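> What follows is the residue order along each chain.
There are 2 protein chains.
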Amino acid sequence: MFEQLGLIGCGLMGGSFALALKRAGLVKRVVGYSKSPSTTDRARQMGVIDVEAPSALLAVAGADIVLLAVPVSATEASLKAIKHLVTPQMLIMDVGSTKADVVKAARSALGDKAGPFVPAHPITGREVAGVEHADADLYVGRQVILTPIERTLTAQIRQAEEVWKALGCRVTSMSPESHDEAFAAVSHLPHLLAFAFINGLAGQPQSDTFFSLAGPGFRDFSRIAGGDPKIWRDIFLSNRNEVLAQSELFRQALLQLEQLIRSGNTQGLEDLITLASETRTHWRMGGQRSKGH
Amino acid sequence: MFEQLGLIGCGLMGGSFALALKRAGLVKRVVGYSKSPSTTDRARQMGVIDVEAPSALLAVAGADIVLLAVPVSATEASLKAIKHLVTPQMLIMDVGSTKADVVKAARSALGDKAGPFVPAHPITGREVAGVEHADADLYVGRQVILTPIERTLTAQIRQAEEVWKALGCRVTSMSPESHDEAFAAVSHLPHLLAFAFINGLAGQPQSDTFFSLAGPGFRDFSRIAGGDPKIWRDIFLSNRNEVLAQSELFRQALLQLEQLIRSGNTQGLEDLITLASETRTHWRMGGQRSKGH
Numbered sequence: 001m002f003e004q005l006g007l008i009g010c011g012l013m014g015g016s017f018a019l020a021l022k023r024a025g026l027v028k029r030v031v032g033y034s035k036s037p038s039t040t041d042r043a044r045q046m047g048v049i050d051v052e053a054p055s056a057l058l059a060v061a062g063a064d065i066v067l068l069a070v071p072v073s074a075t076e077a078s079l080k081a082i083k084h085l086v087t088p089q090m091l092i093m094d095v096g097s098t099k100a101d102v103v104k105a106a107r108s109a110l111g112d113k114a115g116p117f118v119p120a121h122p123i124t125g126r127e128v129a130g131v132e133h134a135d136a137d138l139y140v141g142r143q144v145i146l147t148p149i150e151r152t153l154t155a156q157i158r159q160a161e162e163v164w165k166a167l168g169c170r171v172t173s174m175s176p177e178s179h180d181e182a183f184a185a186v187s188h189l190p191h192l193l194a195f196a197f198i199n200g201l202a203g204q205p206q207s208d209t210f211f212s213l214a215g216p217g218f219r220d221f222s223r224i225a226g227g228d229p230k231i232w233r234d235i236f237l238s239n240r241n242e243v244l245a246q247s248e249l250f251r252q253a254l255l256q257l258e259q260l261i262r263s264g265n266t267q268g269l270e271d272l273i274t275l276a277s278e279t280r281t282h283w284r285m286g287g288q289r290s291k292g293h
Numbered sequence: 001m002f003e004q005l006g007l008i009g010c011g012l013m014g015g016s017f018a019l020a021l022k023r024a025g026l027v028k029r030v031v032g033y034s035k036s037p038s039t040t041d042r043a044r045q046m047g048v049i050d051v052e053a054p055s056a057l058l059a060v061a062g063a064d065i066v067l068l069a070v071p072v073s074a075t076e077a078s079l080k081a082i083k084h085l086v087t088p089q090m091l092i093m094d095v096g097s098t099k100a101d102v103v104k105a106a107r108s109a110l111g112d113k114a115g116p117f118v119p120a121h122p123i124t125g126r127e128v129a130g131v132e133h134a135d136a137d138l139y140v141g142r143q144v145i146l147t148p149i150e151r152t153l154t155a156q157i158r159q160a161e162e163v164w165k166a167l168g169c170r171v172t173s174m175s176p177e178s179h180d181e182a183f184a185a186v187s188h189l190p191h192l193l194a195f196a197f198i199n200g201l202a203g204q205p206q207s208d209t210f211f212s213l214a215g216p217g218f219r220d221f222s223r224i225a226g227g228d229p230k231i232w233r234d235i236f237l238s239n240r241n242e243v244l245a246q247s248e249l250f251r252q253a254l255l256q257l258e259q260l261i262r263s264g265n266t267q268g269l270e271d272l273i274t275l276a277s278e279t280r281t282h283w284r285m286g287g288q289r290s291k292g293h
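Those protein sequence lines, which keep their order, are chains P and E.
Counting with full-length UniProt numbering, you get residues 1 to 293 for the letters of the first sequence.
Counting with full-length UniProt numbering, you get residues 1 to 293 for the letters of the second sequence.
Careful, some of the hints might be misleading.
[What the hints assert, rightly or not] Facing chain P, according to a computed beta carbon distance under 10 Å, are these residues of chain E, among others:
1) F2
2) R23
3) T124
4) E127
5) I198
6) D220
7) Q246
8) E248
9) L257
10) I261
11) A276
[What the hints assert, rightly or not] Covered stretches of chain P (chain E as the covering partner; in silico rule of three or more C-beta atoms under 8 Å from a C-beta of chain E):
12) 16-22
13) 163-170
14) 216-226
None of these hints come from the bench; they were simulated from the model.
Treat the numbers as computed from the prediction; the structure is a model and nothing was measured.
Note that CB positions come from ideal geometry on N, CA and C, so glycine has one too.
Okay, chain P solo, but in the shape it has when bound:
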């Protein structure tokens, strides 16, 4: 049980965390700060936060748990802003989708005060942003990856695990580098492809006709193209090496299929589609692929 959550960034992710923590009875009071005063104001009116703080530093004053829910590019500045009130007793977490850059920012901003900071990535989200979509259920049933570094305090890692589990999450740990490599592959790349796909269509003169004929396959495939531009811009830039490496591997796989189509290689094409189809069919969210193929 915490006395006070200091929430820095009162958007979808931060607001949902505050609502979930309150509903679970894990916090008495939420003090919130957002860059835009109108966001903080709305968060208070909605009951997402109890008190508006005029700065990130003041949101942390008196807090025993702090959540940084800002675009990853704002991590370093936010940590610098709160550094003077960071104590070895508090639990500080973020919710960023990339972790190597977050760890780097924490090292740079907090230095030897980085012990209470546990980098966290809850795998959830919506194709809508803003506190008005905050939802106490956003984290329920989701996976949360913790990426502690050598300086991270064990007590805070345990606390972080307990908090997320109390919100209904499954918690696993990995290194920031392994995290970023894996999420470049299963999350950042498909977002990049979905954005490129929509832009490729939108640039054609017949795009209105195209879009009017699109069906349920298009709908599901392109859903993630509705993601928040600033968030995704930051993710691509902060994880650029891994994202570009995955995009290169993807293009090789695409060119291989194109070549089989161009040459009319019926069996080769069927074999590669079968590989994809069976792999996808046997995939279960959050589990392993079944063995044997």
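Guided by the hints, dock chain E onto chain P, whose structure is given.
Just chain E, lined up with the frame of chain P:
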């Protein structure tokens, strides 16, 4: 009201059409043929068809409505097989996802008997194949594109429109060529990308870890990668020029995003993601994009 449906191909699409037609009270009897006798047998046991025919030709004997629900590559052979029992009074349709090749097959197989054939593409499907997934609701609320040619009889076009409307579909007409161009863009391309995406991941040594971390974005984006290999092999090959042209445009859009990431062009990257995000957000299935952006 029809007396007898001759169903050639008793899989998901054909079986669902038979069930829907029966439920709507539009047909008295269904005679079915499948290449595999076990499929036909199962279709009869399930009540999808009433009588098993030993050949495509015999499935058409006595039919006043015929549905060809076979892979598009089998269209010409199927039409040749039934040609001798085709009459100017019957309504013959297919459900193929590509239309220029189907029209070519009809011209070649039926010649001056092509009048009663109305090429049709109902925009629906499942990521599972086979008569065991046949569903009377598969076509409800879906769009159906008719692509009649110069020889197609007006009476049959009207009948085709009425049948699909009675099953709960919206019906539109366009040329086979416009159809294939549009569906290369909004359906065939995303399937190709989804197959390439899964294969790109599956080929990496850490793929088991990757798949275990995949979340809801991955799930929706890759759903269509579970499609039937033979169906999609045929679609890509029969519409190869349009598919390859769309894939080329896509790769240009992808390389443009990659270049902005590589050079760290924050604003340019945000602008292109914003274009994609707004376009996708304003898209509504089966409707036009909203104006003003």
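> Does the closest beta carbon of chain P sit nearer than 10 Å to the beta carbon of F2 (chain E)?
violated, 27 Å
> Count the residues of the stretch 163-170 of chain P whose Cβ falls closer than 8 Å to any Cβ of chain E, and tell me whether that reaches three.
Violated - the stretch 163-170 of chain P has 0 residues with a Cβ nearer than 8 Å to chain E, which falls short of three.
> Return the status of the interface hint for E248 (chain E): holds when the least beta-carbon distance to chain P is below 10 Å, violated otherwise.
holds, 8 Å
> When I compare C-beta atoms, does the stretch 16-22 of chain P have three or more residues closer than 8 Å to chain E?
Violated - the stretch 16-22 of chain P has 0 residues with a Cβ nearer than 8 Å to chain E, which falls short of three.
> Verify this for me: three or more residues of the stretch 216-226 of chain P with a beta carbon less than 8 Å from a beta carbon of chain E.
holds (count 11)
> Any CB of chain P closer than 10 Å to the CB of Q246 (chain E)?
holds, 7 Å
> The hint names D220 (chain E) as touching chain P; please verify it with the least Cβ-Cβ distance against 10 Å.
holds, 4 Å
> Using Cβ atoms only, decide whether E127 (chain E) comes closer than 10 Å to chain P, and label the hint accordingly.
Holds - the Cβ of E127 (chain E) comes within 10 Å of chain P, reaching about 7 Å at its closest.
> Holds or violated: I198 (chain E) as interface residue toward chain P, Cβ cutoff 10 Å?
holds, 4 Å
> Quick check on R23 (chain E) please, does its C-beta sit within 10 Å of some C-beta on chain P?
This interface hint is violated because 21 Å lies over the 10 Å limit.
> Let me know if the C-beta of I261 (chain E) comes in closer than 10 Å to any C-beta of chain P, holds or violated.
For I261 (chain E), the interface hint holds, since the closest Cβ of chain P sits about 5 Å away, which is under 10 Å.
> Holds or violated: A276 (chain E) as interface residue toward chain P, Cβ cutoff 10 Å?
holds, 4 Å
When each numbered hint is compared with the structure, violations occur for hints 1, 2, 12, 13.
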